[in-house]
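Colleague: One-letter residues, chain by chain:
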Amino acid sequence: MQRVIGFISLLRLFQLFQVLIFPGILFLLILAFFYEWIDRKFIAKLQNRVGPPWFQPFVDFVKLCAQEDIVPAAADKKLFAMSPILLLTLMLTSLFFIPITETAGILSFEGDIVIVMFILTLVVILKYISGWSSTDRFSSTGAERVILQLISYVLPLMFVAFATALAAGSFQISKIVEWTIDHSLFGTNPDWLLIIPMILGISIFILTMQAELEKIPFDIPEAETEIVAGWLTEFTGRKLAFFRLSVDLEMVLAAGLAAALFLGGPVGPVFVLVPGFEWFFYPFFYTIYFLVKSIFIILIISNLRGLFARFKIDQMVRGAWKFLLPLSILDVVIIQLLIL
Amino acid sequence: MSSIKFSVGPQHSGIGHFRMKITLQGDTIIEAEPDPGFVHRGAEKISETREYLQNVPMIERQCLADVSSVTLAYAMAIEELADVEVPPRAQFIRIIMCELSRIMSHLYWLSIMGIFLGHSTMFMWSFGNRDIFIDLAERITGSRVSYTYIIPGGVRYDLPDGIKDRTMETLDYFQGRLKEHDAIFLSNPIFKRRTKGVGVLNRADAIRMGVTGPTLRASGVRGDIRKDEPYSSYDKLDFEIPIFTEGDSYARALVRFKEMEISSSIIRKAFENLPEGDFKVKVRKKVPEGEAFSRVEAARGELACYIISDGSAKPYRLKMSTPSFRNLPGFSLLKDSMLGDMPTIYMSLDYWPPDADR
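Sequence lines, in order, name chains A and B.
Take the first sequence: its position 178, counting from 1, is numbered 178 in this note's numbering, and each next residue is one higher.
Take the second sequence: its position 156, counting from 1, is numbered 156 in this note's numbering, and each next residue is one higher.
Just to be clear, a hint being listed does not mean it is correct.
[As the list claims (entries may be wrong)] Restraint ranges, calculated between C-beta atoms of paired labels, are given here: (1) B:S143 with A:Q67: 33 to 41 angstroms; (2) B:R144 with A:I288: 42 to 50 angstroms; (3) B:R41 with A:I151: 48 to 56 angstroms.
Hint data in this document are derived by calculation from the structure and do not stem from the laboratory.
These figures come from a predicted structure and were not determined experimentally.
We put the CB at the ideal spot given by N, CA and C, even for glycine.
Let's have the full structure, built from the sequences with the hints guiding it.
Modeller: Below is the structure:
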């Protein structure tokens with residue numbers, strides 16, 4: 001009995017470690033700051049600049065936290081105060097589903113990809129609410145643009161995300177990862193032709209994620225030369241710091257999800273140096289593969305950011321419905337035909 | 001549908017020291033009223049309290065991106081009053097400085113256009129390129145931005161040794177970079193989408209509004225003081241002026257872009273034909289009574305200077321007609337355009353608030 005209780009508490013301790021430290025909250029926060037630094041440093045190199053030192057995102061966060069927190073007199077105070085915290089919480093929750101140290105995330109059950117997609121939509125609605133609650137002209141305009149952007153990119157995003165899920169026959173991220181590995185060139189059922197829909201899928205996924213993250217071709221809701229900072233305009237101090245952190249976390253989510261759905265997640269060849277200690281080597285190597293793959297996605301996102309100007313909202317909506325949606329449906333069709 | 005009103009500027013990241021009162025219905029601007037005057041410093045009135053030479057550093061501050069053209073117009077008016085013939089070498093040096101200024105001003109415009117359209121790389125690269133010209137100007141004049149180099153009677157110093165080679169090196173590098181810029185910025189599909197067909201100013205309207213400079217030439221009007229009324233030996237050099245007939249923001253961008261190439265070739269030709277001789281003649285402190293009018297083609301358009309002298313060492317009246325102020329009616333293009341087009345139209349007119357307000 002004693003032993004059983006001891007085992008259970010050890011398991012609990014391990015779970016607590018997983019949730020709080022690795023690969024949980026602490027690791028994810030470090031990763032968020034690190035990826036923001038990579039993004040900023042890479043784009044600085046593209047633009048012949050020096051770029052920030054590695055600790056800059058964290059220092060920015062601390063500085064913003066220490067700054068004055070102004071709430072507009074006309075704002076809906078409760079919503080205004082609630083939305084940054086809610087956004088951060090939602091982002092962290094959805095990140096628990098991302099496989100980092102193994103093929104499954106900290107949380108893994110049938111249908112988890114639906115939850116991640118749901119959270120990705122909910123986040124945008126939260127942005128709308130936060131813009132709306134600040135009752136500023138620029139914020140309201142930005143908030144409207146957020147929703148306009150959402151209705152144009154959300155369908156292509158869902159289609160490409162579910163294309164692999166439909167092929168894998170499961171709505172569980174870990175099963176999708178295992179199916180992708182199985183059908184990759186190094187797996188047991190290699191399928192060369194599957195490269196085509198995968199490349200198409202990841203391209204659409206990165207583009208839609210850029211809209212979700214409000215990065216440059218699609219940073220229309222916070223276009224600074226038109227509407228100052230869009231829905232973010234009235235947020236200062238701690239609240240702004242939380243928003244910025246949640247955008248960084250969203251970047252980790254975007255990169256992690258892209259890696260999980262299209263690049264085989266954290267899986268890669270594992271070199272076991274000491275036989276019998278596989279349990280030690282697997283998380284180590286998997287984390288490295290996860291980092292490599294997600295940084296690759298981040299670099300693509302940064303590169304697009306440096307290469308393009310901002311779209312106008314009508315161009316974005318038209319482009320998404322005209323090109324992205326048919327292409328994403330085509331992606332589903334190709335995958336279905338290939339696995340027949 | 002209800003409309004919302006808001007003030008764009010003077011504390012708005014999309015605008016300089018300037019305000020536009022914008023009435024927005026949905027995403028369409030139904031009314032845009034420009035409100036200049038935030039940086040009015042009364043330069044014309046101050047100039048009446050200072051001597052002719054002392055005015056040069058003051059009036060060149062009205063347009064720091066394009067210093068040489070402003071001082072050239074002022075110097076030419078005084079030379080007309082004093083009836084002084086500027087030596088040919090000084091005239092050629094003035095051409096070189098004016099064209100350097102034009103390139104710097106257009107690079108400044110290109111970079112701000114980039115940041116207005118959300119293209120941060122365009123901003124950084126163009127500003128980086130502007131810096132090599134600032135270095136060149138520093139080598140020639142001793143100052144980086146406001147160099148008070150063109151003075152009544154000529155230029156302050158002769159060209160330093162070895163400046164020809166250095167300029168040619170700079171221009172070689174720059175013209176190579178311009179090709180890259182063309183590929184990355186002007187041929188960028190999003191840049192084209194954002195600027196083509198946006199803010200179309202047709203030929204008749206351009207003439208009616210009295211706009212000048214690249215804005216006028218993009219609407220198909222061949223209006224360039226360097227050709228129409230050549231000053232400072234511009235008639236001795238052979239060059240073209242780019243004309244486009246579309247009249248949209250993209251045409252205005254193309255005019256400025258082509259002008260940078262043409263200015264580079266003008267500088268090359270000016271260095272090849274550079275005459276020997278004096279670089280300045282003495283202009284007396286007190287100029288004779290009378291009035292004088294001069295106009296030059298600045299980077300933003302026609303810049304005119306009118307001086308009345310009462311025979312003392314200070315101008316009795318100095319009046320500057322600046323290109324930015326003349327392009328102000330162009331803001332009527334904002335009406336019925338989308339909010340997303342507002343930065344594009346604003347920037348395509350290359351409005352420089354201190355230049356308009358003085």
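Colleague: Is it true that S143 (chain B) and Q67 (chain A) lie within 33 to 41 angstroms of each other by Cβ?
Modeller: Holds, since S143 (chain B) and Q67 (chain A) (Cβ atoms, about 38 angstroms apart) stay within the stated range.
Colleague: Falls inside 42 to 50 angstroms, the C-beta gap from R144 (chain B) to I288 (chain A)?
Modeller: For I288 (chain A) against R144 (chain B), whose Cβ atoms are near 49 angstroms apart, the range 42 to 50 angstroms holds.
Colleague: Within 48 to 56 angstroms or not, the Cβ separation of R41 (chain B) and I151 (chain A)?
Modeller: 49 angstroms, holds
Every hint, counting from the list given before, is met by this structure.
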